[in-house]
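**Student:** From first to last, the protein sequence lines are chains A and B.
Letter 259 of the first sequence, counting from 1, is numbered 320 in the numbering used here, and no numbers are missing.
Letter 349 of the second sequence, counting from 1, is numbered 350 in the numbering used here, and no numbers are missing.
Hint data in this document are derived by calculation from the structure and do not stem from the laboratory.
What you are looking at is a predicted structure, and each value in this text was computed from that prediction instead of being measured.
Each residue gets a CB set at the ideal place from its N, CA and C atoms; glycine is no exception.
Some hints could be false.
[Claimed, not checked] Pairwise CB distance ranges, derived in the manner of DEER restraints:
1) Leu340/A / Glu337/B: 39 to 45 Å
2) Ile193/A / Ile115/B: 53 to 59 Å
3) Leu299/A / Ser155/B: 40 to 46 Å
4) Tyr351/B / Ser245/A: 36 to 42 Å
5) Ile115/B / Met62/A: 37 to 43 Å
6) Met150/B / Ser245/A: 54 to 60 Å
7) Gly176/A / Arg26/B: 42 to 48 Å
8) Leu174/A / Phe111/B: 55 to 61 Å
9) Leu299/A / Arg308/B: 53 to 59 Å
[As the list claims (entries may be wrong)] Not the full set, but computed from the structure, chain B residues with beta-carbon under 10 Å of chain A:
10) Val142
11) Ala197
12) Ile276
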Amino acid sequence: MEKFIQLTISGVSEGAVLALVALGFVLIYKSSDVINFAQGELLVVGGYVAFVLIVLLGIPWPIAILLTVAVAAAIGVLIEHLVLRPMIGEPVISVIMITIGLSVLLRAIMGILFGTAPVKLPQFIPNAPVTILGATVAEDRLWAIAIASVLVGALTLFFRQNRDGIAMRAVADDQQAALSMGISVKRIWAVAWAIAAMTAALGGMILASILGGVGGDIATIGLFVFPVVILGGLDSILGAVVGGVIIGLLRAYASGYLPPALAAGDILPFIVLVIILMLRPYGLFGQKIIERV
Amino acid sequence: MESGIFHTTYAKDMQLRPTWPQRVRLILLFVLLFAFPFFADAYLLNLANSIALFAIAAIGLNILVGFTGQISIGHAAFVGVGAFTAGILARNLNMPIFVTIPAACLMAGFVGLIFGLPSARLKGLYLAIATLAAQEIVLWVIQRGDTIMSLLTSSRVEIFGESVTINKTELFGINMSANPPFNFYWLIMFFLIVTALFTTNLFRTRFGRALVAIRDQDIAAQVIGVDIRRYKLYAFALSSFIAGLAGALIAHYRGVVSYERFTIDVSIALLSMLIIGGLGSVSGSIYGAIFVVLLPAILSNIGIALRDVIPGIQSIMPFIQNGAFGVAIILFLILEPQGIAKMWRNVKDYFKLWPFRY
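Chain B on its own, in the form it takes in the complex (with noise of 0.2 Å):
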């Protein structure tokens, strides 16, 4: 039985991962990854996707949230933004891949930033409320963009249209849009990767650190020479640009971008993978976007099977799955707080000091 871990080199102490055991889970978990698509259905790829898709958003809010102790009740209209940002290029302009996804990050990136702009004076309480305004105002924006420029401009506008369709996705001269769940698997999961290991590392850089520290204690973070305020906007800005990422991922994904997808209940959803993932973790983030895609699914999975049993359960299923939903939030706020993550190191350490207590 190991009795700690102890670094002899500089190297070896800024390793990610540098356990044995930390490293064959780690393979395991890539040859899983490489190997799923092969034998999943496209119902289960779907999942997958959706899984890596609100991960990525996740990690973003967490970088703002977990990280930097800002809440924000409105990233599902940051993730809107680079949506149709991603959208309306492709559609309108005709814009490949390459070009949409960095737009929508920066156009995400840009409108966060400005909604981070009451974080400068405001926090805790007053910036939930400030960023829950900001969705509304979002949404209101792309729901009625078209009829404000029409009363403008006095001529038919249509940008947003009732949803903006992209008909064709390519990508290396791969048509994406034939196969989307399984083509998309491989361009999701990368995204998803490079934003763990940039997140991950960013809170080992001087940028990071300065982050968490006016997470920790703000006043204390200023003396020390942090310009609070610029970094909260900054951590604005990165946190929507990411949301931007994974707007223009899932408008390329699914073809159709409709403001349905970013309502309040999604930025709730968001918020509630961080709660139950675990709060500044960045694999609980994904632990998180894993549990609060899955829930609904075995829920209504539960739900075919009862069918006959329990006649009438289809129709009250959406109801089933928003309560289990609220369940897990309030449950894992009072019993486990740091969430999904904490359990699993809870789970390695009994492992780990087995048989002894402690």
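With the rest of the complex left out, here is chain A (with noise of 0.2 Å):
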């Protein structure tokens, strides 16, 4: 029972980071029909800026994540404008392509900086541990779970009072009827951008946290969020989480559970994402429009 609890939460945790991961994700696809594979490589990136201004800056924590969010959101919008931009009316290999192009360069640039070796994160999350059910859990997983869910509310609200948030709900139903309602598309375009790449910082910093450093593996978590946004629908904000709670577990569980020897919990998200594929591609709540051959 004590394994079993430890193990939930600590999927919960990792589920809700990649919830807020794949929101940025469900938001750069839904406005600009643009499937980000360099997302992970943003989650680096917010690490490792954390670490510039923190570490080598020695900028008090709290301001620091502020700048990192602001640098994230500057990053996020540069990208939109000088690589995605000229995209626009290419085929989907080719959108697809540059984005991984992006990825191979984002890595670069961050292996050029920091080498690949990790880099040590202060802890700014409180990681003591404490007694839940009976069950010892560290207590950055806890903060995890709460960032993360503050985080997807106040998105949420953003969608439903902001007027930026309303306009790209709008631009993600008709991108013509919001183009004649006055909507400015590439405004729309930066600030999804900007949001996915201030949902990855802020989510490397909390796995960097957790985790205890910023390195290349926490790109390997970001390619979660495909299994993720598949089993949610690609264009569910309402699947985006429970999508990553539901792989976070999946996870957790059968990294505890089955032989440690298998490393199921790495390939189990991608057979779910096969078998969603075949049987419901558009997810849980993802619309029923999908290209069907």
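With the hints as a guide, bring both chains together as one complex.
**Tutor:** Shown next as structure tokens:
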């Protein structure tokens, strides 16, 4: 029982981070039909920016986190302007390849600047062991769940209340109609990339704090965004959250209960992904308009 | 100055290389290919072999991506299936190369067919993600296959091991493994030429035109009687079949097969060869392979030359190579989406029309 609770909490905490990252991914897909293969790298970028600000420049961490988010937003807008904008109207393969090229480039830049060894980030989230229902878990796991939940809630509010948020939903719904209502689609794309980079940066910082450092393995976790968004539905915000938690739990249980030599936690999400694609490609909450053959 | 190419007979119309400059270039190319190994050292030969191996796999992928319009981000996994099939057959059963290569092709084609099944229902983005999953799953089976079998049979099984080693490859009584770069050069070039010729001709047949029709307009293709699902599966199988050929050649040439050669990074490299070389062009696949293999090689030579000027350049060289690779993908997509094949055509047109603009 104790193991079950531990696994559940670590699964939900990773799932919460995945959900946060998946949200950014879904946002980009909804507003511009771009599948962003560089989402995992954006996580790493966020972690390294936090490292530079906190460790190298010595900025106190509450300010540093805000600065990291701002820098990430700027990077997101920059990527959208320089790389994605010229690709408007190009075939799917080109758009996919350009985000793949982007991920290769980002990884290379991170490697040149910081090398391959993970860099240490101070534990700004407390990780003292706490006892819940008789099971001992690290406190930072609970913090990760709390932070991610608050952020997901804030984003939901943004979509309902904020002018840009509503405009973004309009663009996602019907680009032509949104254009004729005077919404600047270009601006919305920039905002979508900014938010995606921001959520990725926050997710990267949480992961860096849990894992104790920033390195390439965070980008590997970013790869699990794909099972999450396919399970939840590529264009569903609710789906990203539910899918994130389900995939997080699946990973935790699979690594906890199956023989570790199988590395089942790393592969089961992808098997689920293939099954979902075959049976229900629009996922749990996605819109059923899907390109069929 | 010629003002166009006019065919007066059907036989002329069917020629692959109808004009004399093309034929002269082709002959020069063959002379160069034949003379090259007698002048080049082992390093250059190895580079040429790597290019040719990648070019074979890239042509295979081009059948799927460039000609049929289906995206696959998991092609390296199929190359891996071929390599491991050939490796295990050669090591465990001591099979000759005449058996291992066809077996590897068939096995890779079969696995490709299975992972092509989602293409019957999905397209575009969804298919890309499905093939990404295929890459992860195939590599997982290769890495953990022994563990799975050991758990199932509750005895120690070692099929894949850490890596598969082929000690010796013989062909027509020649020990190929004695001087691999030189001996394998002929075999690899033979298969590259066969693959290139086969693919070029494929798209002049009913089968190939059906694939192109699916790429251009799948609904229209269905209307004129192309069984879309079946042809897509054929395209997956054929493209993985050729990937398996490349894999088997890699296995015999390198002598050691391990999963690191077939990761998602290799799949990305293969896709980028198509983008850089030119989608839907056989010669483009070869140009792309040359570019993607030579770029890091040239950069690392520059790094060695600059070792004293910029200390520490060697240690960040892998990242510089990757960065240049990423920049190349992005720049080609933005500036010349049709790749080197189109640039080469532009150059030819310029000289053909000179001194006029058009």
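**Student:** Which numbered hints are broken by the structure, listed smallest first?
**Tutor:** Hints 2, 8 and 11 are the ones this structure does not satisfy, whereas the remaining hints hold.
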